[in-house]
Amino acid sequence: MTLSATRRLALKGALACAFASAFASSALAADAVLRVSAIPDEAPTELQRKFAPLGKYLEAQTGMKVVFTPVSDYAAVVESLATKKIDLAWLGGFTFVQAKIRTNGTAIPIVQRAEDAVFTSRFITADPTIKALSDLKGKTFAFGAPSSTSGSLMPRFFLQQAGLNPEKDFKNVAFSGAHDATVAFVAAGKAEAGVLNASVWDKLVEQKKVDTDKVHVFATTPPYFDYNWTVRGDLDPALVKKLTDAFLKLDPANPEHKEILGLQRAAKFIPTKKENYEGIEKAAHSAGLLK
Amino acid sequence: MLLNPAPPRDPAARGRLSGALLALVILWPLFRAAEFKPGALFDSSNLKVIGHFLAGFLPPERGAEFLAYLGKATLETLAIATAGLALACVIAVPLGYLATAAGREQPTLNPLTRSLLTVLRGIPELVWALLFVRIFGLGPAAGVLALGLTYGGMLAKVYAEILESVDPAPAHALRRSGAGRLLAILYGLLPQASKELASYTVYRWECAIRASVVMGFVGAGGLGQLMDQAMKMLNGGEAASILLTFMLLVFAADGVSGWLRRALDTPPAARASPFGWRSISFLLVLPSAVIASFHWLEIDFGELFTAGAAHSIGEFVAGFFPPDLSSDWLARVGLGIWETLAISVVGTLLAAVAGLLLALPKWRAPFSFLLNTLRSVPELVWATITALAVGLGPFAGALALALHTTGVLGRLYAEALDNAPAAPGHALRLAGAPAGLSFLYGTLPGAAPQLIAYTLYRWEMNIRMAAILGFVGAGGLGQLLYFELSLFHHAQASTVIIAMLILSIAVDQTSAWLRQRLR
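Here the protein sequences come in this chain order: A and B.
Straight run, no breaks: the first sequence in the working numbering ends on number 411.
Straight run, no breaks: the second sequence in the working numbering ends on number 527.
Pulled out of the complex, with its shape left as it was, chain B reads as follows (with noise of 0.2 angstroms):
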């Protein structure tokens, strides 16, 4: 090409290395807590024994008892999500509407709500999920609380940021005007907003559906609730068909969440009414889904507001205060936190690098496939894989949510690397780059803050789940909990769930620090 300089040198490459000699050094002894050994991946027996398990996937069960069972958990899950998102939403509504500083006239961090919101959100839908379990007994009606908590906390802080994110000049002027607030949002803001907000709704029902599989595993009902008892039994041929239906519903509600986006987007017809058939038929269709969901999972809320059920519920959580701040407690919660982070931060590296990996490569298909076959499983049910394949610990809780984890980043990166600026690469490859230098310096540097955002998010997402873990043996705080809640050793369950608050709260702010470093 042009006249051939000096030996080529990387200009980058001594920043570069040490930045990963120094990540290294911070990481090394969180990847030393997380009992990080791959080599037990391929130790022989643990080998025979996943194959054995495995080998008892096929053929998966279809006996019509089961199949009568499966059915019925089916829809269960179906309608504690349902009725999840709707007690979410009658949550979510009043309190973005106190914690937004949308169509204020003076800035407010309404540090109440917001401390509230904190707190709904920042504890794991499964302990909400396992605390109501003992409140209001056997059956979903704790599943769908603990579903409109979370979730509701969720939702609350994203109408809020959505609200505050469109252009503020229309509810400016009906304030001006002598509007209340709520006129002013509802007529200067809402119409911006409307369609970020219907479309961030139907995802979470999506996500409502894969977390009400989860929460069957503390006895909340539905799939999630057969699948742990089969995989517990390490009943293959169970579990594979489970998992199937799993799956299967898991796409049908990605396809119809999907739709419904897209129907948003659509541009309305030229016609007098704004009301086409799709809006017609979601009108019917929501609140009959809403009605049959309630009715089928028999929740008898008026119970949650007699005298007695306060008492009770009085009671009960009476009985987590004062939580135990005794130092011998203290020190083994401290134990479970860093095992936990230690479980978070390997599970989404070993991620990163996985889902990096497999964005790759040009010919999407098979990987596509991969990738939602890995994210389409839910992390607990990877851990009680990985606890056969690598032994019981936290390790394999690593490698659960790095499963997992690799399904969703993988497809988010190859989105990111995608829409790149192609430029820089091409430039490259014309003045003679090899394709993986020019990927390096020409892709990559384009997509880096994206990926790292990406990651940096579901990092916080994986905290959560790395906190409750536990349940299935992977370590942590997770284990903790279960133990000392069965136990009814409330003032010790009490100090790990605000250690799991602290925790995750922790995790938020770093990583929300983090990103704006690295911006």
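So that you can see chain A by itself, here it is in the shape it has in the complex (with noise of 0.2 angstroms):
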């Protein structure tokens, strides 16, 4: 027995030696697939079921296969885009700018909602003592996922003007991860008060998915630029253009492209360009997030 265990052991090592180099030479290179992913602001599944019909629609406008990824990390979005594994991603404001940089300056936004010009973050909380941002001092607060824009960079950028250090002033500093899960910390008492992004905020009160007698908003921030879709510096130009027109073709009068831009929350789809995003540059570098 122990004779055949020790062959087993080196069996085993001899094995999977020559399983890890099976492996390693099967290469795969399959064009005319575009790739895309999306910064999980909301829960995976929910990205999934507001990607389907717009993957779909992008298939048939560039005859290609349409190949969505789930990500549970916005940085692996972003670092992905970098090292070119994905073609085409949803970025927030944030998101972008550090996609920018890793990619030195080469990732082009196409185009952003026309609510992403004027894209505004809410406050909020169960305690009905908490009425504005100062408040908050001595609180636990939830931010979304450390690289949000509007679930962490831009109201912490807010916070600073309006005289609050987020590390110094609170109790306890969360980060929920994503939109959703913040409201779910701030409902269950996880959190005392919460930020996150307008629109998820309002869809969740329009499917009554938030109790708003007991979680209200109690501040709101001033306008900012906020997501866009971006590609890979180095696509083709063509295939660049055929999204850019795809998007911007979308029309609310068509019942098809209705359910489309009514899942990713767009009353149209307008051009964007890199110089939109300056302004949160700068709120990152003075916020102490961008280094």
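There may be inaccurate statements among the hints.
Cross-link-like lysine to aspartate or glutamate pairs, in silico, EDC-like; alpha carbons within 20 angstroms at most [claimed, not checked]:
(1) B:56 - A:287
(2) B:80 - A:166
(3) A:204 - B:69
(4) A:205 - B:306
(5) B:56 - A:333
(6) A:205 - B:73
(7) A:411 - B:69
(8) A:388 - A:247
(9) A:411 - A:287
(10) A:185 - B:306
(11) A:259 - B:51
(12) A:170 - B:51
(13) B:56 - A:331
(14) A:393 - A:379
(15) A:204 - B:73
(16) A:323 - A:333
(17) B:203 - B:175
(18) A:291 - B:73
(19) A:323 - A:379
(20) A:288 - B:336
(21) A:329 - B:323
(22) A:378 - A:247
(23) A:411 - B:323
(24) A:411 - B:336
Hint data in this document are derived by calculation from the structure and do not stem from the laboratory.
Make one complex out of these two single chains by using the hints.
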């Protein structure tokens, strides 16, 4: 038995080596696939649901197979765009700035929703004694993901302008990871107050997924530029043009398009450019999130 | 009984009391840093919140769509664990060979390999996973590599120690008669050590399943990723289904690994061939499991070795140097270290007390069940629940560690107490001592070295866990690391990783020293 166990061990090692090398040699390079991802600002299952009709539409428009990969980490999307593992990504304003820096300025934002040009964040709480930002001192507070624009960066920037430093003035700072999770944190009392993207808040209120008698908005930020669809810089310009046109062609009068726009919570898509996000870059520097 | 001596006095009382006081003085600041406030557990609003959340566990989610996700994630978890361990073996066998003193004529410390192993082991697998998710993009490849590296480091160290611990005479004899070192190890040492080596490898596979669940929390796929989502959304029904699946998986892995280890203990049948049905089926199942795992995960390791990948890895790694050593940042990291240390110490101590209490009752069945349940829920999952119970912060982390560790230590304590010599306790009982005293002065001293060793070993593991509990809001180094990595502040993240490494090495050393002192 001991002998066979020895043999087993040796065999195990040898086999493992053999398979590792066998798998190493299988390379794949399927073209005509458009690889898409999105920052996980909502639950990945929700993102997949939202993307499905848009993916079909893009397949029809470009003639390519569209593959959507859900992720649970903001930075992984940025990194994947930089290492060319994805072609097209739905980014927030700040993640776009990060992607721009990581790709040495080559990432191109193509379109944004009309709403993204005047985006806001909402501060929410279930505590009736919190009525203004200054009441947040000494409370526990939930941001979204650390690299979220509307759930972390811009609120932090506006808190700073109101004279509040989250690390010093709040009792505890948590990162819920996603906007809907922030609402769950605040509704459950895990954090006394939190901040999230206005669009997700409005959706949750519309869908009655939040009890507005309990959780209420007590402050809203001034508007800023947020989300866009970004392509990696070395994508075929003809394809970039096709994608841009496909988004811009979406027309709310067309019922099929209306469904897509509805799921994306967009009135329509409008062209965007890098310069739109310079404000966010400045805010990120002054809030200490960019160095 | 005999002549009743003057007022009964405890001869050891003074020493024990002063020891306890000293420990309290040392531990007090740590308890403060962990924001130890048991009162928060009974706060009515907190109780309502957690009651509400736990009530949501019933009924567990059973929708077809969700079950399909769950099935896929379960397979993915199994595959990550199996593939990860296969990779770990590939790493561990040569490194173990290099590191071990076995079969060497002159003793050598081999500092290079040893320190490589320390680095591999000292950085928690979750941190490796977090880095690999960035380098290799989305999906389970990151989890497999992370497991492979950490477990490779652990396996190599243990392989080396096992080979050193067996009788060196056969290997010596072989070396003297001119055999090379490899042959001496293969034929002189492996036959004695093989059972222990195989047994430890199987045990690690079981651990890998637990760990691969945890890695899902940073986006490396599998059950953990589902769990992370369900917990973030505080979706009790989904969380309950995932937890049940996870527990079943852990119990099944426990069963399989127990069966395998028993099989290794079975004396060989009196047959010419050493290969029985177990060995044959094992030889068939193992490679197919490894192949199936790699296949299912669609990992393309070829991509790892392309020039482009090497370039992007190089660039990524270069971003971590030099680490940020500005005094501002060092002060924040120092605070993180202190908080992490506090979480690990408080968590382990609470667990030691609770574990001992749960290990005492004679009627084991309900307590074993409780301990197994506590143990099979990973710390990160406990942390999301304790954060609801006592609010975000280090105390939630300490409690989460305590809950999981109670399960582990309780079981080990119960075994150690069972194995402790029964005679002294018996003698005291016969001499008329009450049950409590005969336990304290008869049974406990016999079992104490073992109990303390288990507790210290667990502390070494908990310091690594405490370092990453911050990912779910429990403070400490983990939260710093998560935040800085999200913002691509690699120089700062690098300082935090180095701090984690130093902390875990320091704790290993302290624990080894304490074990030696207390022996």
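Given the proposed pairing of residue 411 of chain A with residue 336 of chain B, does the C-alpha separation stay at or below 20 angstroms? 15 angstroms, holds
If you draw a straight line from the CA of residue 170 of chain A to the CA of residue 51 of chain B, is it 20 angstroms or shorter? With Cα atoms ~40 angstroms apart, residue 170 of chain A and residue 51 of chain B exceed 20 angstroms; violated.
Between the alpha carbons of residue 80 of chain B and residue 166 of chain A, is the straight-line distance 20 angstroms or under? 18 angstroms, holds
Given the proposed pairing of residue 323 of chain A with residue 333 of chain A, does the C-alpha separation stay at or below 20 angstroms? Between residue 323 of chain A and residue 333 of chain A the Cα gap is close to 16 angstroms, so the pair holds against 20 angstroms.
Keeping to a limit of 20 angstroms between CA atoms, is the pair of residue 185 of chain A and residue 306 of chain B held or broken? OK: residue 185 of chain A and residue 306 of chain B at ~19 angstroms, within 20 angstroms.
What's the verdict on residue 329 of chain A and residue 323 of chain B, does the C-alpha distance respect the 20 angstroms limit or exceed it? The hint is violated at about 44 angstroms.
Restraint check for residue 204 of chain A with residue 69 of chain B, where alpha carbons must lie at most 20 angstroms apart: 37 angstroms, violated
Regarding the pair residue 411 of chain A and residue 287 of chain A, is the alpha-carbon distance no greater than 20 angstroms? 18 angstroms, holds
If you draw a straight line from the CA of residue 323 of chain A to the CA of residue 379 of chain A, is it 20 angstroms or shorter? Holds, at about 15 angstroms.
Tell me if the straight-line CA distance from residue 259 of chain A to residue 51 of chain B falls inside 20 angstroms. Cα-Cα ~17 angstroms, so holds.
Tell me if the straight-line CA distance from residue 393 of chain A to residue 379 of chain A falls inside 20 angstroms. 26 angstroms, violated
With a cut-off of 20 angstroms on the C-alpha distance, tell me whether residue 411 of chain A and residue 323 of chain B pass. 18 angstroms, holds
The structure is inconsistent with the numbered hints 1, 3, 6, 7, 8, 12, 14, 15, 18, 21 and 22, although it conforms to all the rest.
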